[in-house]
Amino acid sequence: MRYIDPHLHMVSRTTDDYERLALAGCCAITEPAFWAGYDRNSAQGFFDYFRLLTDVEPRRAAQYGIQHYAWLCINPKEAEDLTLAREVIGLIPEFLERPNVLGIGEIGLNRNTRNEMTILEAHVELAAQTDELILVHTPHLEDKLKGTLHILDVLGAHPKIDPGRVLIDHVEEHTIREVLDRGFWAGMTLYPHSKCTPQRAVDMLEMYGDERVWINSAGDWGPSDPLAVPKAHLEMQRRGHAATLARRVSWDNPRSFLGQSPKFRVTE
Amino acid sequence: MSDDARSCPLTVKQALDLYFIEHRAKLLDVAALLDRLGRAQDSRGVQDSCEVDDASLRHADARLAALHQALRVLGDGQGDYARRLQMSFSDLTTDLYPPGTRGPAVGTYVGA
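From first to last, the protein sequence lines stand for chains D and A. Counting in the numbering used here, the first sequence runs from 38 upward without gaps. Counting in the numbering used here, the second sequence runs from 5 upward without gaps.
Relax, there's no trap hidden among the hints.
With the Cβ distance kept under 10 Å, some of the chain A side facing chain D (calculated, not the full set):
(1) GLN18
(2) LEU89
(3) VAL110
These are calculated hints, taken from the structure and not from any lab test. By construction, the Cβ of each residue, glycine as well, lies at the ideal position given by its N, Cα and C atoms.
Sequences and hints are given; from them, build the entire structure.
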């Protein structure tokens, strides 16, 4: 089955993973800007990173027939330095015109600090001005509930933000209902230890439905599995779900959400 | 799909056929961890909590308490276990924190 993984940090993966993705049926990925494992200390570092996301990775992905799209931001983990963060946000507009850039992401909160919120709000304002799609990172572990609620409040209060153009990623059992009830899209991330398993993701699909929901692997430089999405498809099959469920969350739904950007063109 | 009371398409037997062995192993991992904590150099027995000022030991207490609270949730027969477990580990305060005051997440709320 052809599928889309809408959240993968390929900059931290070897080219072997592109081959594995292609063999598994992945035909498109989207890669949010994220924390690279260390705190960058200059806007130039982010400029070069944005070049990598918009130039190098699309070419690397194309070697295996995979379409690569990107999101841009300064991630919440590096948002405590307001001066640097504002300088990085100032770089984003020139990259928004690149053919593979879908919007602003992955913005959000990390440890739920006031500076993180300041930078989140600045990103939201930029997205509102340029009518970009938004991809949101919700905090890890004990911070997830509190951070998710703050994020939803900020987005919900902005008069120009349409929840239907915002994907709240890394939802778990205690946040998914609130995200969906408020009209946002919800992403379930199949990432060991700190996020969700394929089994729990399928549980949540059974309990909350498959509307406005997608699944992703968020494979990055930590212990993670770029093939987590097809493994979730296997879990659906083990439980006797029709193949339409896997197609819905890994093809139809990503195309619906991402297709709101005129740049996203993935065909059957 | 709706009405989560019967939203799993499997029977109880089918679900156990698929998942029992795997989760038996996960439960043994938890049991072994509790034993390991009891054999730790500074253990006073897994039920004790120390009155300490050191932040790292305060963390250790909070995580130990979180483990035991998690086991109580799992054993209380009230259902909705995954969500309630997530809530038991969560920071339920509402105010944002001052900048630069927080280290990495540890997996359970340990206080400001």
